[in-house]
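Colleague: What follows is each chain in one-letter form.
Number of protein chains: 2
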Amino acid sequence: MYKLIHKDGQAKRGELHTVHGVIQTPVFMNVATVAAIKGAVSTEDLLGLNTQVALSNTYHLHVRPGDEVIRKLGGLHKFMVWDRPILTDSGGFQVFSLAKLRKIREEGVEFQSHIDGHKIFMGPEESMRIQSNLGSTIAMAFDECPSSTAERAYVQDSVDRTTRWLERCRTEMKRLNGLEDTLNPKQMLFGITQGAIYEDIRMEHAKRIAEMDLDGYAIGGLAVGETHDEMYRIIEATVPYLPQDKPTYLMGVGTPANILEAVERGVDFFDCVYPSRNGRHGHVYTNKGKMNMFNAKYELDSDPIEEGCGCPTCRRYSRAYIRHLLKAKEMLGMRLCVLHNLYFYNTMMEEVRKAIEEDRFQEYKKMRLEGFEQSSR
Amino acid sequence: MYKLIHKDGQAKRGELHTVHGVIQTPVFMNVATVAAIKGAVSTEDLLGLNTQVALSNTYHLHVRPGDEVIRKLGGLHKFMVWDRPILTDSGGFQVFSLAKLRKIREEGVEFQSHIDGHKIFMGPEESMRIQSNLGSTIAMAFDECPSSTAERAYVQDSVDRTTRWLERCRTEMKRLNGLEDTLNPKQMLFGITQGAIYEDIRMEHAKRIAEMDLDGYAIGGLAVGETHDEMYRIIEATVPYLPQDKPTYLMGVGTPANILEAVERGVDFFDCVYPSRNGRHGHVYTNKGKMNMFNAKYELDSDPIEEGCGCPTCRRYSRAYIRHLLKAKEMLGMRLCVLHNLYFYNTMMEEVRKAIEEDRFQEYKKMRLEGFEQSSR
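Each protein sequence line maps, in turn, to chains W and E. Mapping to full-length UniProt numbering: the first sequence position 290 is 290, numbers consecutive. Mapping to full-length UniProt numbering: the second sequence position 218 is 218, numbers consecutive.
Mixed in with the good hints, there may be bad ones.
You can't tell identical chains apart in this list, so a pair holds if it fits in one copy or across any two.
Each computed SDA-like pair below joins lysine to any residue, with the alpha-carbon atoms no more than 25 Å apart [to be verified]: (1) K327 <-> R129; (2) K7 <-> K365; (3) K327 <-> H281; (4) K329 <-> R277; (5) K72 <-> G308; (6) K327 <-> E44; (7) K365 <-> H6; (8) K3 <-> A237; (9) K297 <-> V69; (10) K366 <-> T347; (11) K38 <-> G74; (12) K72 <-> S302; (13) K327 <-> M291; (14) K329 <-> N278; (15) K327 <-> R277; (16) K72 <-> R315; (17) K38 <-> R315; (18) K329 <-> V81.
I should point out that these hints are in silico values taken from the structure, not numbers from a laboratory. Just so you know, these numbers come straight off a predicted model, no measurement behind them.
The following block holds chain W by itself, in its conformation from the complex (with noise of 0.2 Å):
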């Protein structure tokens, strides 16, 4: 289902055929945690902003407002009205990162939601059931996420588990999709290496996962605390064990910058609270780097914010206008930032898949790299 069009390096250029369209890779993921992108973005704005896929929480709609309602009205992309892919994540990030008082189990873990404190057991299967009543295209694997201060003997215990977990979440998977009232019964399963910051055991992990020839496969536990030489490092070290002729994704990835060093290292899919969470707080993206929108120097500046951008903001309103919004708390100026940043980042994806296929990525980053130090001279 996917297919390697090109390579340039070690950058690679590929589709991922979906039974919701295909997936121009390299790729940024709109993040919509809660079937919502926050910043008063609708699935309707994603189709001005190049958007080709959409990422939920399975965590965050489990508990609010249950996947059972989801299933019930038909499913994530009905409920959200967005007909093209969408990946779910398996709930295990939010689990470690979110929840109170868990316990880890073999069987899963047990923890509190975060909204009324009720007990909740989450395991593979539970993931899986989950995952599948949303209906997402792309499901991801059950897997527990060590901090990256974690000890060695402690990681390799988690790891080990989280392999045992992914053949039962491959397991539940296939039984789910074959059930004859499955809402997406081609939903695909990626996997999750694991092994914090230790080469050894990312390599190790990620061999015994490539050969259970899963849809995908992710590198997770990243950006959650390291360098960012400690995550180009256990990259390098973690992809040349992953099957070529399946996507790649670095979950939870990164900076613009973070994107292209990834890109370059083979990395396929992404995704990032960054572009909306930046926007509500009014820092924008542009070609020299990022711009704080609450900056005085911004209050007679009619200019947008990137000259040339094609974006629904930039297209319409002034610097001088999204700043007086910002100030005045109108929702209206977080939101013109979070499309604003969503489409830099869709753009920028663009951009990177057409170097690839010209063969100039390497001179494609350096001139965006080039361009986003500007803005701290």
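Could you slot chain E onto chain W? The hints should help.
Modeller: This is chain E only, laid out in the frame that chain W set:
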């Protein structure tokens, strides 16, 4: 500039020709307090909601970002990117309702900004200069809006001062419109009748200012705590003394039922924060009355807010999705409700205009009022 096209009873169907286009009346003006509709609604969105006129607040824009800033940026139309008519209020109402520690003198009012407490003086000339800097299509006269429970003697004194202020507004507006570098030399001025709930003071005031040949006349100081019946009584007492060949504007009103009652009594212009404020709280208008979208009964409801509604929300999203967004405190939930409500108000006004043209306003009003009451059954 106002053309009375047709009358059905006292209900007027008219047109106000302005430098920013023709306004079809009766009309509901969409409130953009600080040059933005609350609920992350942009002026681009307004184009899809059949909006004819945006209304912005002089007081708010004077304190932030400052009317001089907006003037330097080319005026309010350019600032918020809206080339259709804009009405600005005079700041009077906000000075009396929002600002702290105000002192009223013959010259004007001294008060403290609600943002940072700094002292501001505003009188008729200041209000006109601010509105001239904003370059709105229609400026409102600077008036005092006494409480609906104020003593008769106070109200009489206040109304007399408001008349003297109106003369000063007219003189200053004329001067400003004649300046070479004025933004909108065709800026219109509407006078405001006051008089709390004293019919004789209202009638006398209406007669006096009707002689001043202004571009339009507003009924101010209503919907500030009096009953609906008192409000309708005052409208009935005032409208006959205002010129038929000028538009009549009932400020800050109101519910859909209030608007229908006032149209019947000869009112042309309306504005109210209800559709946007209620929308942000998940309260939406339908032909069968209001709905609270937080209600648990919508959890699995895949219908739109209102079947057959052509608004951007109902064309795409379900009650269940909107309820979920509101419960999850996603800004998108508020936005979708505000879009629906503004469309509802603007569409009702379209129907009102058609009903008057076809001499069936009474019938239309009866049908609407009966519909609105269904939700409480």
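Colleague: Decide, hint by hint, whether the structure agrees.
Modeller: Against the structure, the hints come out as follows:
Within a single copy, K327 and R129 get their C-alpha atoms only as close as 44 Å, which misses the 25 Å cut-off; across copies the closest is 24 Å, which meets it. When the C-alpha separation of K7 and K365 is checked against a cutoff of 25 Å, the pair qualifies only within one copy, where the shortest distance is 15 Å, while the shortest distance between copies is 68 Å. When the C-alpha separation of K327 and H281 is checked against a cutoff of 25 Å, the pair qualifies both within a copy, at 11 Å, and between copies, at 22 Å. Taking identical chains as interchangeable, the C-alpha atoms of K329 and R277 lie at most 25 Å apart whether they share a chain (15 Å) or sit on different chains (15 Å).
Taking the shortest alpha-carbon separations for K72 and G308, only the inter-copy value of 23 Å comes in at or below 25 Å, while the best intra-copy value is 44 Å. Proximity of K327 and E44 under a CA criterion of 25 Å is satisfied inter-copy only: 21 Å between copies versus 27 Å inside one chain copy. Taking the shortest alpha-carbon separations for K365 and H6, only the intra-copy value of 17 Å comes in at or below 25 Å, while the best inter-copy value is 66 Å. When the C-alpha separation of K3 and A237 is checked against a cutoff of 25 Å, the pair qualifies only within one copy, where the shortest distance is 23 Å, while the shortest distance between copies is 77 Å.
Proximity of K297 to V69 under the C-alpha cut-off of 25 Å is restricted to the inter-copy arrangement: shortest distance 13 Å between copies versus 48 Å within a copy. When the C-alpha separation of K366 and T347 is checked against a cutoff of 25 Å, the pair qualifies only within one copy, where the shortest distance is 17 Å, while the shortest distance between copies is 53 Å. Taking the shortest Cα distances, K38 and G74 sit within 25 Å of each other inside one copy (23 Å), while across copies they are farther apart (32 Å). Taking the closest pair of Cα atoms, K72 and S302 come within 25 Å of each other only across two copies (10 Å); inside a single copy the shortest separation is 49 Å, beyond that limit.
In this assembly of identical chains, the alpha carbons of K327 and M291 lie at most 25 Å apart only when taken from the same copy (15 Å versus 32 Å across copies). With identical chains, the CA atoms of K329 and N278 are at most 25 Å apart both within one copy (15 Å) and between copies (18 Å). In this homomeric assembly, K327 and R277 come within 25 Å of each other (Cα to Cα) both inside a single copy, at 17 Å, and across copies, at 20 Å. Taking identical chains as interchangeable, the C-alpha atoms of K72 and R315 lie at most 25 Å apart only when they sit on different chains, with a minimum of 21 Å there against 40 Å within one chain.
With identical chains, the CA atoms of K38 and R315 are at most 25 Å apart both within one copy (21 Å) and between copies (21 Å). Within a single copy, K329 and V81 get their C-alpha atoms only as close as 29 Å, which misses the 25 Å cut-off; across copies the closest is 19 Å, which meets it.
Of the numbered hints given earlier, the model fails none.
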